[in-house]
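Since the structure of chain L is already known, use the hints to place chain H on it.
Number of protein chains: 2
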Amino acid sequence: MKSTEEPKSESDFTEHTVDSTVAYEGGFLKVMRDSIRLPDGGSAWREYVVHPGAVVMLAFLDDDTILLERQYRYPHRKHFIELPAGKLEPGEPPLETAKRELIEECGYEAREWWQIATLTPSIGYSDETIILYGARGLTHVGAQLDVGEHLETFPAHLDDALAWVRDGIITDTKTAFGLAWWALWGRGGQ
Amino acid sequence: MKSTEEPKSESDFTEHTVDSTVAYEGGFLKVMRDSIRLPDGGSAWREYVVHPGAVVMLAFLDDDTILLERQYRYPHRKHFIELPAGKLEPGEPPLETAKRELIEECGYEAREWWQIATLTPSIGYSDETIILYGARGLTHVGAQLDVGEHLETFPAHLDDALAWVRDGIITDTKTAFGLAWWALWGRGGQ
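Protein chains in written order, with the working numbering: chain L, 95 to 284; chain H, 95 to 284.
Just so you know, these hints were derived from the structure itself, not from any lab.
Glycine included, every Cβ here is placed at the ideal spot set by N, Cα and C.
It is possible that some hints are incorrect.
Chain H side only, calculated, beta carbon under 8 Å to chain L, not exhaustive [stated by the list, open to error]:
#	residue
1	G121
2	I130
3	Y142
4	P146
5	G147
6	Y166
7	W208
8	S220
9	G242
10	L245
11	A250
12	A270
For lysine to aspartate or glutamate, the following DMTMM-like pairs were computed, each having C-alpha atoms within a straight-line distance of at most 25 Å [to be verified]:
#	chain 1	residue 1	chain 2	residue 2
13	H	K181	H	E206
14	H	K172	L	E99
15	L	K181	L	E246
16	L	K172	H	E141
17	L	K181	H	D261
18	H	K102	L	E163
19	H	K193	H	E243
20	L	K124	L	E183
21	H	K124	L	D221
22	H	K172	H	D254
23	H	K181	L	D134
Chain L on its own, in the form it takes in the complex:
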């Protein structure tokens, strides 16, 4: 590893808000449509999803074993293998979301939590930011799935999970990012 300085640039491509409007507000998704001024002075508009933010967790049963989930994701009409994750409730600090979701979805409390990285999964059309946490010292306390939430949790060896990323069995990007991050910089470093 060499540089950790951000690459320098003289260019400023900032787009300035002229007007901001809620274009759609459903039960789950909120879409904004803003008029903007481009860096060259021209006019344009930007449409994007407003998201409350989310968390994703590498929850370690031991140094080599993490919790994964299998869940149906309707937008793709198929089951996915994912790290435990969840959306922030209004006003909820992200670490509290992580603790709450690890209990609700997986049934575990953790003695130790630490922040690993920040992800922005769809910067072209969503303001979503995901914080990746690590958790260890797990104690099973029993899952409390929300009504209508159907998923199963299972332990996986990190090597298996990584092989599933390599071979395209895991495509969920927050999950792939978390597993790859840990493989590159986590093991031994923590």
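The following block gives chain H in isolation, referenced to the frame of chain L:
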């Protein structure tokens, strides 16, 4: 690396479509709201963005040097460092999108292309799928940015780009995934 078999499960959490409605169709985003039947027989709805699909490219100037872009992303109100990428036009095969975008955004043609991986960046609320390609044997032919498109392209050493992922300077998940994938399985393997 051990197993490459998908973990077995007896559980079927499939959600069946009862009714599908376009809830919002803007100039860029299309949102569906579907009534569904849950695996336990209950009723619910799912809201999600319909996306045409996208491509992202590891474009190699040499074995250790790739092209990156710096671009303002309005949903987050800041500049991001990203791999070259782009959305599919209607009916466009993904590899053609990749070739078109590498010329338009970066000004390069590539002699050799290969598919590396598939990503699904926001499976909770979007059906977007991104295909990651590799490209090498680059020839500079000059960029052709769309009207209103403002970005700059720069070469980066893979080690620097990876350090930017590790240190949180790169958070764009398709970019982080591409760089991490190559660091773990690409170098030497290709």
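### Task
Could you work out which earlier hints the structure fails to respect and list their numbers in ascending sequence?
4, 5 and 7
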